[in-house]
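In the order they appear, the protein sequences are chains A and B. Mapping to the numbering used here: the first sequence position 81 is 81, numbers consecutive. Mapping to the numbering used here: the second sequence position 70 is 70, numbers consecutive.
Errors might be hidden in some of the hints.
Derived, one-sided and incomplete: chain B residues facing chain A with beta-carbon distance under 7 Å [to be verified]: (1) G18; (2) V137; (3) S141; (4) T142; (5) W146; (6) I278; (7) V285; (8) V286.
Derived contacts from chain B toward chain A, CB cut-off under 10 Å, selection only [stated by the list, open to error]: (9) I22; (10) S133; (11) F145; (12) L153; (13) M263; (14) T282.
If you are wondering where the hints come from, they were derived from the structure by calculation, not from laboratory data. Predicted model, so just to flag it, every value in this text is computed and none were measured. All C-beta atoms, glycine included, are put in the ideal place defined by N, C-alpha and C.
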Amino acid sequence: MDLTGKISAVVLTFILCSSLLGPLMVAQGPDVIDLEGIRKPPSVRHPLGTDSLGRDVLARVLEGGRISISISVFSVIISTLIGLSLGLSAGYLGGVADAVILAAVDLVLAFPALLLAIGVSILLPPGLYTVVIAISAVGWAPFARLTRGYVLALRSASFVEAATAVGCTRARVLFVHILPHCIPLVLVMTGLKMGGYILTEAALSFLGLGAQPPQATWGSMISANRVLVNSCPWTVLSPGVMIAVTAICFNLLGDSLQIHYGEGRPPR
Amino acid sequence: MKLYVLRRSALLVPLLLGITFITFTLTKSLPGDPVYTLAGERASTETVEKIRKEIGSDKGLASQYAGYISLLARGEMGRSYYTNRKVADDLRGKFPHTLVLALSAVLMAFPLGVLLGFTAALRRNGIADRLISAVSVAGLSTPVFWSGLMLMLLFSLRLKLFPPSGTGGLRYLFLPSLTLALPAAATLSRVTRVTVLDIMGTAYIRTARAKGMKMAKINIVHVMKNALIPIITVTGLDLGSYLNGAVLTETIFGWDGIGRYAMEGIMKRDYPVIMGCIVVGTVVVVLINFLVDLLYFLVDPRVRVHGSDR
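Next up, chain A with everything else stripped away, as it sits in the complex:
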């Protein structure tokens, strides 16, 4: 992997560790209200200042990071599992299964992603699971489409032909010979999609469809403090920077993985 990818991985590890260890590092808990010290600019006691309820912004950014990243990770796992199994089925089985799955993929991809995610999330009470479901309901489609194309190409590869010729069962060909070759593709996709999921999660939280107060997420912090942008910019500055940095690192990591694995072209 190239240097950019390595640096992104290090930065991501740092962000992940600090949000997991956050409660140990900041004296004041993320939801602790201190009405004596509201809207204080950054200081030694509060390195990122406090919000309009006197809550420590650093503690909330770390807590928000834990939630935002977990939601994106769960969404990517679910999207991958659904997308991978449908993509494998469509590509390998072909015929009716292929046509039906492909039609469903096209349908989901025809929607502007955020609108469909909004539609799915208003069905459920707002909360963390709702966001995971809403993101995965849209997110499986690109995974399925890419896996399908990949499997189609692999199906005519010479090693698959050889495996069939020596009498492997269809299931064995699929799971032992084709599936392992899809792993790099899945890794690349995961890296590239995580950046987008961080943004979608932030957008849904910003719209009030995600975590409910007082739970902190990066998107909801920006939404709650946006009226304070002029008087206490530090309350919206840090969560936004964290979203951008995290998404940038995931995108760069995805790009590097893609180069590392040879642009995601299937082997012949």
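Given the coordinates of chain A, assemble chain B onto it according to the supplied hints.
Chain B alone, transformed into the frame defined by chain A:
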């Protein structure tokens, strides 16, 4: 030509049916009586009865869906729970604002993105290329609702150059369009870079160089002309993401378009409003993609040849 348009239009029908089927399923799954979701909570008894007759739950799923389609076809999307105004009327009034915003964002993003992408491709792996790639990734990764707030903080609240929010002339339009244009320009610059690099590796560019044509002329006459086609397509196909961005950008800047309308609907759980925005937004995007496809066909002779006998 006619055949191609016909075939492409034929594909549009199942797509629109599928989309409306999904929105119909969503509408039916919403908490509460779907008839009220379509009619509005304060609708008159006759309206409720009329709609119940069309999509009533006593009928089969297919006829309920048919009823839903015929309601949509007549522009009947119910009334807002809160204002009791017709959602269709509200959307009609607000759509032009969103359209203006999206178009001015495209006008900003297109030259910026193409210029950056072209420069990056010409200086492949140089400092300019790396810098532009970095800026593009940053542009793609920054949430619009945050970059919008930051632009507002800098340009309107601190420097007082533009009004912070409201709907109106160019002074109001500038910051929200810029906010929307930044991620779009980032996408465009990446696409342009890849396309231009692709074209520069083709045989006809090598031929042009071999016969002693000036690089500047090659770049403009051969590379640019051929690169523009995929770039325009991507711009068109990317309109869905403008709509995504519009929901958030319009909210930040108080721009009175469909996006802010949707956001208000979400805040108040005003289901007819939300569903109306989703239906109209999606259908508009699908239709625009369709038009872009046809445009592509008109512009690129290769598609015309291969497209007609496919």
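Status of each hint after checking the structure:
| no. | hint | in the structure |
| --- | --- | --- |
| 1 | G18 | holds (4 Å) |
| 2 | V137 | holds (5 Å) |
| 3 | S141 | holds (4 Å) |
| 4 | T142 | holds (5 Å) |
| 5 | W146 | holds (4 Å) |
| 6 | I278 | holds (5 Å) |
| 7 | V285 | holds (5 Å) |
| 8 | V286 | holds (5 Å) |
| 9 | I22 | holds (7 Å) |
| 10 | S133 | holds (9 Å) |
| 11 | F145 | holds (5 Å) |
| 12 | L153 | holds (5 Å) |
| 13 | M263 | holds (6 Å) |
| 14 | T282 | holds (5 Å) |
The earlier numbered hints are all upheld by this structure, with none contradicted.
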